[in-house]
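Listed here are the chains, written in short residue letters.
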Amino acid sequence: MPAIFTVDPHTGVPIYLQLIEQVKRSVALGVLAPGERLPTVKQLATDLTINPNTVARAYRELERDGVIETSVGRGSFVRQNGASDAAAAAVNDVASSAVDAAVREAKSFGLKKSHVREIFQQALERWYASDGDVKERGN
Amino acid sequence: MFYKEFLRVRNFFVVFALVMMAIGLVVLLFSGHAKVSIGDDSPSTAQAEHAATADKFGPGPSQVHGTGIVISNEPNEPFPISALLAFAGLVAAIFATGIGCGLACENNGHLEIAWTRPASRVGYAARLMAVDIAGILAIFAFTVLLCLGVIYAVGLQHYLALDPKVGAVLARFLVYPLAWYGIVCGLTASVRGRAGAIAGFSWLGAAILLALLDLKMPPVLHAIVKTLNYVNPLLYGNFASGDEASRHIVQIGLPISIAALSAIAVVGIAAALTQWRALEA
Amino acid sequence: MAGHPEAPAIEIAALTKRYGATTAVDDVSIAIPEGTIFGLLGTNGAGKTTTFKCAMGLARPSAGSVRFHGQALQPKMFESMSYMPERPALYDWMTGMQHLEAARRTFAQYDRARARELADLFALDLRKRAGKLSKGQQSALGLVLAFSIRPQVLVLDEPSSGLDPLHQRHVLDLMIDAAAGGATVVFSSHQIGQVERAAERVAILHRGKLVLEGVVEDLKAQEKIVEATFETDAPTIAGLEANASVRHLMRQGRLLRAYIRGTGDGVVAAIQAAAPTSVRILDQNLEDIFLVAVGGN
Chain A
0 MPAIFTVDPH
10 TGVPIYLQLI
20 EQVKRSVALG
30 VLAPGERLPT
40 VKQLATDLTI
50 NPNTVARAYR
60 ELERDGVIET
70 SVGRGSFVRQ
80 NGASDAAAAA
90 VNDVASSAVD
100 AAVREAKSFG
110 LKKSHVREIF
120 QQALERWYAS
130 DGDVKERGN
Chain E
0 MFYKEFLRVR
10 NFFVVFALVM
20 MAIGLVVLLF
30 SGHAKVSIGD
40 DSPSTAQAEH
50 AATADKFGPG
60 PSQVHGTGIV
70 ISNEPNEPFP
80 ISALLAFAGL
90 VAAIFATGIG
100 CGLACENNGH
110 LEIAWTRPAS
120 RVGYAARLMA
130 VDIAGILAIF
140 AFTVLLCLGV
150 IYAVGLQHYL
160 ALDPKVGAVL
170 ARFLVYPLAW
180 YGIVCGLTAS
190 VRGRAGAIAG
200 FSWLGAAILL
210 ALLDLKMPPV
220 LHAIVKTLNY
230 VNPLLYGNFA
240 SGDEASRHIV
250 QIGLPISIAA
260 LSAIAVVGIA
270 AALTQWRALE
280 A
Chain W
0 MAGHPEAPAI
10 EIAALTKRYG
20 ATTAVDDVSI
30 AIPEGTIFGL
40 LGTNGAGKTT
50 TFKCAMGLAR
60 PSAGSVRFHG
70 QALQPKMFES
80 MSYMPERPAL
90 YDWMTGMQHL
100 EAARRTFAQY
110 DRARARELAD
120 LFALDLRKRA
130 GKLSKGQQSA
140 LGLVLAFSIR
150 PQVLVLDEPS
160 SGLDPLHQRH
170 VLDLMIDAAA
180 GGATVVFSSH
190 QIGQVERAAE
200 RVAILHRGKL
210 VLEGVVEDLK
220 AQEKIVEATF
230 ETDAPTIAGL
240 EANASVRHLM
250 RQGRLLRAYI
260 RGTGDGVVAA
270 IQAAAPTSVR
280 ILDQNLEDIF
290 LVAVGGN
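Protein sequences, first through last, are from chains A, E and W.
The first sequence begins at 0 in numbering that gives the first Met the number 0 and counts up by one.
The second sequence begins at 0 in numbering that gives the first Met the number 0 and counts up by one.
The third sequence begins at 0 in numbering that gives the first Met the number 0 and counts up by one.
Bear in mind the hints are in silico, worked out from the structure with no lab data behind them.
Incorrect hints may have been included.
[To be verified] Chain E residues, not near chain W, derived (Cβ > 12 Å throughout):
no. : residue
1   : Gly122
2   : Lys215
3   : Val266
4   : Ala280
[Said to hold, decoys possible] A few chain E residues that face chain W, going by a derived Cβ cut-off under 8 Å, partial list only:
no. : residue
5   : Tyr2
6   : Lys3
7   : Gly108
8   : His109
9   : Leu110
10  : Ile112
11  : Trp114
12  : Arg116
13  : Ala118
14  : Ser119
15  : Val121
16  : Asp162
17  : Gly166
18  : Asp213
[To be verified] Partial chain W-side listing against chain E, Cβ under 8 Å, derived:
no. : residue
19  : Gly34
20  : Met55
21  : Arg59
22  : Ser61
23  : Ala71
24  : Pro74
25  : Lys75
26  : Phe77
27  : Glu78
28  : Tyr82
29  : Arg86
30  : Tyr90
31  : Met93
32  : Met96
33  : Glu100
34  : Ala101
Each residue gets a CB set at the ideal place from its N, CA and C atoms; glycine is no exception.
Using the sequences and the accompanying hints, generate a full structural model.
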């Protein structure tokens, strides 16, 4: 199983958070199907040359969030039951953190709240142009 | 656990053995010429032996401490085995001076590897010294055998004479190199780069100390020199084939010599171990 | 290893080492749990090597102690513990093969096949005398020796010095592999990126003192920079210097930077009150954290 994740250890973002986000994204996009097996902690640590406990930490949090399940001796898998819930939650997480980052960025430029709202409105109109809410998944 | 120690002593041994064999070969060639030119009559052969022995011993002890092995000028006088043992003792002592820097070598950048093994420090040093001492005894035996080989090769075995005190002389010249080993170990155990120089100068120092005994000097100074000489192996290593060690003013018998040399060896090694335990990397 | 399994694999307690008037290590306490990769960072002369030497019993601490699973160092612990010094303490006159042979005869756990595999990994010519090897190849031989006994504890002082980038990566892989197998790995490095990648925990030494210690990921999550820009020169904000979460303040023209630990809510509020044109919170990578800790820049 190829390592489909990449991390950048040299940013200020903790590696386990990067991993969590990537696994959630993969589940949301269907790259990782329900029931699919994840690389072992050791394998992923070796593949990415990162600390094994960092990988273990990411897996623990993913398990707590209901995205994956781990059975002793067999490894970690994308959850079968509630996979859609997990995917929805994952999508929501990814999207909201992206929006969050965008708003934070806008604010850092000193933009007013009304101005930011205007930008968002423009973006919504561009991407959701005619098909309204059809593309909407989750929530 | 002895592997590295063994390799080190083996390397020393090989160099020494090659040098000794080269000297032996020169002696053989030289005596061969002597035989050809003089003929087969025994006095002349004895003369050749004398020449050969003088050649062999020439650059060794006689220059170092001024005694040397005195071979009779009479061609027919027997060649004492004791002299041969004395020569072997001297060779072994030089060898011991060389390998006596073992702990110093470890201290010179290798403690990190030497001390991070499942072995106690003293155990490690004791092992190293045991291998060194085995090497010293081996070079002693090698030298004796090589000399006997040369003597047999030139057909002079009939002149070998077993003097009555040969056992005691053997004991003396077995502990003689060990005394040098102890001194060098004790002097160098806690120095880093200069161990070789200290080992080399220890011979020079010993020779000077011995020579000072003969100088006229105020009684106090002389007493000091005399006392210092009690730990001088050269004092006890009388290379004259005789047993009495009447070295200048200090009169020392063979048993005392053996005891003193042993004591020097033991004290030197103990001093080295004490320093070794106190070292820091 | 014997001892108390619950006790830290390595526990350095109030370690101090003085050489004459200089204090090389000053009251350093670090506990390293079993199975962790622990990175030790510091500028030259910060006391990293001295700390290692004291831990390995090569230097006597002036004060304090080092314990392994609750026990004082004993020679037999080296059956499953490897130390690789900063300068590989190899014997110049011995070949690589002879060094391995010496290890085979010394360590019961020596794994010949593993040693060969590692020598190949580092493209090491075992027939060469150690004295003839390049600095990097000497490091490689040191690493082969250290890893060939499959140790439970590894203490590596600058393990990748002199190695090319590919072999440096191999060193990290070996450490990660060892830790994944349950071994405890402690290493020092000048390359912060290596520590950032491989280490779970990090300690930063500066002039003999421990200035920062913790889980790398937590440090990254906690240590932030609040950066504010102002219309005119950045003002002095009352109470900011005294705020416990502010580690360092930098004021340069219209720019104000507060290096904070924790959420820093109070800090952001205090800065906001001074009417900046913008405020943002920046992440810090380990290098930023290191530079702040040692007071540089």
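- request: Of all the hints given earlier, name the ones this structure violates by number, lowest first.
  value: 1, 4, 15, 16, 17, 18, 19, 22, 23, 32
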